Structures are given as structure tokens and as C-alpha cells.
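Asks: In case you want the letters, here they are:
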Amino acid sequence: MDDKSSPMLEVKNLAISFFNKSGEIQAVRDISYVLNKGEVLGIVGESGSGKSVSSHGILRLTPDNGKVKSGEIIFDGKDILKMNAKEVQNLRGNRISMIFQDPMTALDPLFTVEYQLNESLKKHTDLDTASRKKRMVELLELVGINQPERRLKQYPHELSGGMRQRVMIAMALSCDPDLLIADEPTTALDVTIQAQIIDLLKELKEKIGMAIIFITHDLGVVSDICDKIIVMYAGKIVEEGTSRQIFYHHVHPYTQGLLESIPDIETDSSVRLKPIKGNPPDMSCVKPGCAFAPRCSSAMQICLKQDPPLFELDETHAAACWKILKEAQKQS
Amino acid sequence: MNIMQTLRYIVKRVFLAAVSLFVIITLTFFLMNLMPGDPFMSEKATEESRAIIIAKYGLDQPIYVQYVRYLKNLAHGDMGTSYVLQKGRDVTTIITESFGISMQVGIRALILAVFAGIIMGCLAGLNKDKLPDSIIRVVTSIGISMPGYVIASVLMIILAVRLGVLPINYNKPGGAVMPIITLAAYPTCYLARLTRASILEVMNQDYLRTERAKGMSEFVVVFIHALKNSLIPVITYLGPLTASILTGGFVAESVFSVPGLGRYFVSSISMRDYTMIMGVTIFYSSLIVMMNLVCDILYKIVDPRIKLD
Chain A
27 MDDKSSPMLE VKNLAISFFN KSGEIQAVRD ISYVLNKGEV LGIVGESGSG
77 KSVSSHGILR LTPDNGKVKS GEIIFDGKDI LKMNAKEVQN LRGNRISMIF
127 QDPMTALDPL FTVEYQLNES LKKHTDLDTA SRKKRMVELL ELVGINQPER
177 RLKQYPHELS GGMRQRVMIA MALSCDPDLL IADEPTTALD VTIQAQIIDL
227 LKELKEKIGM AIIFITHDLG VVSDICDKII VMYAGKIVEE GTSRQIFYHH
277 VHPYTQGLLE SIPDIETDSS VRLKPIKGNP PDMSCVKPGC AFAPRCSSAM
327 QICLKQDPPL FELDETHAAA CWKILKEAQK QS
Chain B
209 MNIMQTLRYI VKRVFLAAVS LFVIITLTFF LMNLMPGDPF MSEKATEESR
259 AIIIAKYGLD QPIYVQYVRY LKNLAHGDMG TSYVLQKGRD VTTIITESFG
309 ISMQVGIRAL ILAVFAGIIM GCLAGLNKDK LPDSIIRVVT SIGISMPGYV
359 IASVLMIILA VRLGVLPINY NKPGGAVMPI ITLAAYPTCY LARLTRASIL
409 EVMNQDYLRT ERAKGMSEFV VVFIHALKNS LIPVITYLGP LTASILTGGF
459 VAESVFSVPG LGRYFVSSIS MRDYTMIMGV TIFYSSLIVM MNLVCDILYK
509 IVDPRIKLD
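Protein chains in written order, with the working numbering: chain A, 27 to 358; chain B, 209 to 517.
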């Protein structure tokens, strides 16, 4: 909002791997991106593309068998990866907060909504008991929950899925975060509830002005909420650009494939959706060349041998595909 | 409303308990009389005097008459007098007296088992596949598979005979230590394994990730959220455990000659002490039924998802 020149969050060359008995699984392979204050970034990709792992990494919530191999995550001038446990805890739920995919399991079943909301307020603010209570009621109203006083006394099992996700959002917003990481917040919900939650996030973004990282496997979901979009495949960024660029001027065949697999209400029902053929690669044995090449209809010789770098198309748009180089050579 | 609901539930459960107690009393009474022999078979007396004694206690009457009379007396709170074990003494008095002693040992064993078991379970669960976990797993496996009399004998040989630090006799100072350990051994190990398994399951739950994402310290995550959730299965086991520990283990009490209720379980049956058999059975069943009710209510307090009905 004020200082657009210095980014709020800068992820540099982040690589995260999981280790199990059979060896190393490279979940995130060298990704970098920048997020400014108040911006909404969509990270899109199919299951196993590393989109969730990379974002959980921002809050250092990588599971125990995962390891950040290299990279920096600079938030507000400080590298989160170099912080001690206490510093990270002060960041979590306070300046950066997170909502998760499955609201049915994301709340502790044995504690009331009030207890769970109160926890973060108590930890991160100096408010007294009465003001915290007032704040909790406000928060629930903010996320569109009716009868907030009554809801506070209830347990998670007494609320519907959509309601629980709203509680999660209220919890995430409780300390006015600078950044909200939303990890597939609508995937586990019914379509109508999905739309409600997206609308709510859009509305909150306008009201509060926080930045959002919106992780999803569904490009359709993020189309009108995101300022920019990153498309991930096999732990790498394959294309990044503004929402417009990704939807109308995409160059990567994978982005193309993703867009073609979104059902459209206006197209005739006789037109079949085009799925992307094949399966994502096994990340425990990474082969040379572009990870998407085996599934790509326009793959060339070089694609199987060498991994393409991100070619910059303009200031905001970049894609990792040898096609770009070929076309550039043709033109010159 | 909630209190009314709970009260109604308790009343209902007490009524059901009364019904099952009645069934237990009836079954025990008739089964007991099916056993060959009678309370006075070991008396060195002539046939005539034996018949006189049997007639004196009314045991010569038809079984249903005896049954109705027993129920009538029971309704007045009279469980009769012991025929053999403590001849002529009131069964109620014997049970109260010996249960008091069993309880002294039992409560301490129970506290030991609950604390040691849960702490060991947590230690193992939170250090999965590391050294503490391996040690606890080995120890608890041994503890679960070893019968009580083996534990009692091993303790006796090591602590009393070889090292001489503890007396074998219950009535000497420190005499309660070995019975307590013997009684607590199995439940401690069982609780440790139960807690470990439960913690391992809970540690992967999404809501713990939410707590971490909220900035909660690892202490709050583990000891408030994970522990409370993992204690739910433990609570279910506490009901029957409490009843069996409080009434005293037969083995622990016989080996260390503790004058508790546990000894009467078996001896009353082998001596055909009819009134004692009935008394101990009624007492033990009521205790189990009561403890289960307490546990169910405790369960409801810990887990709001449980509906009492």
C-alpha cells in the first residue's frame, strides 16, 4: 500500500525435499517469487506440484520428514528460515496466518470456538479479557457468522463445513495479518459454499488490505481474485504472470492444458473437456529435461535433455518452455 | 438443560444397573447352589449334627425358598453372616473392613499406574523410534505378558530376599510397596501402550498444524491439544481398571498376605461360603457398574461430541 518498491515477501531459490526410506523426494525445486503488500498471488498446480509444500515452508510448517535444502524466505527484511522458534511463533498467526484445506479436521474437536479464537488473541495481542471477547464477536460478524455470541460457545462438531472454514478465516484474521496463506480453502467444500468463501476472501481483501497467497488446483477458482498467478509443475514454476497474462496470453503448454480442463458453463455439453494426458512425474527420481515433456504434445528433442530456464516475456510474464526460445530465434 | 439431561441419563443408567445387578444376583445364586458340596462339608461332625447345622441356616429348604428369603433380606440391607471364612460375622462388615485395606493399596496402585502409564506413553509416543521409545516398548511388552505372580515373586526375591530393603509381610512398615507395584504393573504397561498409540495417531491431526500456524508454542500444542485428544481412549479403560484395582488383585494380596477383599474372591468359592460369594459378587459388580458410569460421564466432559443417551 505505502511502499511498493520493497516487496513484503521474497522467496529466493527455495528447495524443499522429503526424505523417506526409499530416498529423497524433491517436492519443491528452486522456486523464487516476490509478493508486494496487498497483492493477491495465486499458486496453481495439480496434486504433488509442490504448491502447498512451498507455502507451508513460509511458516516453517514443513512436516518432520521434510527439509528445506536451500533458499531464503525474506519477510519484511528478515529471513524466516534463519529465525529461532520463538521468532517464528511470533510471526505465525500474527503477521502471517494460514487457512487450510479441510475445515472438518482443522479445528480441535475438544475445544470451543471461543477457546480456539481466544488462544491466538491472547498470544499476540495485549487486549484484556473483555476486549478480546468483543474482538471475537466482531471477527465472527466480519466473516459472516450469525449469532456470534452463541457460536463462540459451540464446539466444532456443532458447525457446518462452511461455518468451520469461516471460523478458520476469523481465526486467521484475528491479529490483522499482513499476509494470509490460503491453502486450497475451498477444495473440501460444496460448490455453493466455495463461491461464498471466495467472495468472503475478496471482500476481506478489500476491507483489510492484506496480501493473500491463494493455493489451488483449480484455475477457475482464482481467476478474478488474483493479481498474479504462478503455475507450478513438478516442484518448479513453469509460468508466472498477471491474471490476464495467464488466462489470455499463456505460452506454456501445461498452462494451456490446465485452462482447457476447466468446465465452462457457456460451452455446449457435447464439447468434451480436454484432460492433460499422462501422470505427473515421480519426484523421487528426477529425470533430466523438462518435467512436463513426456506429457507435452509439442515436445522437442531439447525438452527431453535439458530443463528450460524461466524466459522473461516481459516485466511481469515469464515461462519455462523451449518453445519460447525457438519462436524468438525464428523471428530474429 | 444440559444438567437436566445429564441427571436424566444418570437416573436411567442407575435403573439399568439395578436390572443387571438383579440378573447377576439370580444367576450367581443358582449357579452357586449347583456346585457340589456345602459350606459345612469340612466340619468334623456326625451326619446328624451336620444336618442340624444345615437346617439351622435354612439350607435344607427348597432352593427357590432360599432365593426369595435371600432377596428379602438383601432388600433390608442384610447380606447375612459368613458361614465359613469368618464364621458368624456379618458379611457387610467383612467386606467393608477388607475393602478398606484393598482400597488403601489399590488407590496408590491406581495413581501410580495412571501417572506412570501416561507419562511413559507420552515419552514413547513423542520420541517415536528413538531410544526412550524402544526402551519403553520393551519394558511394557514384558510387563503385559508377565503374570502377576511372576512379578510378585521376582520383586520378592530381588527387593526382599537379596537386597533386604523391603519386608515381605504387609503389616511391617514399607510392606505395602511390593503389593502396590505388583498391582500397578499390568495397568501401567497397558496404559503406556494405549497412550503411545493414541498420541501417535493424534500427532498427525490437522488441528495440531492449525495450532502451530496460530503461533502456539510446542508445549501448548503437545500438552494441551495433543494430550487431551489422546486421553479419550485412555478414559474408557479407566472404569473397569479402577474397579478391579480397588477390589484388590487376588495374586498380589495372597502373595504378600494383604488382608484385603481380593483374597475372598477365590477362597469364598472354594469354601462354599454362600453368603460371602453373594456378598463379594454383588459388591464387585456394583463397583464396576458405578465406575463405568463415572467414566462415561467423564468421557462426556472431555469429549463434547459424545452424546449421553
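Note that these hints are calculated values from the structure, not bench results. Honestly, I wouldn't trust all of these hints.
[What the hints assert, rightly or not] To spell it out: a stretch of chain A is covered by chain B in this simulated footprint if at least three of its residues, at any positions, have a beta carbon under 8 Å from a beta carbon of chain B; those stretches are: (1) 106 to 120; (2) 123 to 133; (3) 146 to 155.
All of these numbers come straight from a predicted model, not from anything done at the bench. Ideal Cβ placement from N, Cα and C applies to all residues, glycine included.
Asks: A separate judgement is required for each hint: does it hold in the structure or not?
Replies: Verification of the hints:
no.	hint	verdict
1	106 to 120	holds (count 7)
2	123 to 133	holds (count 7)
3	146 to 155	holds (count 3)
When held up to the earlier numbered hints, the structure conflicts with none and fits them all.
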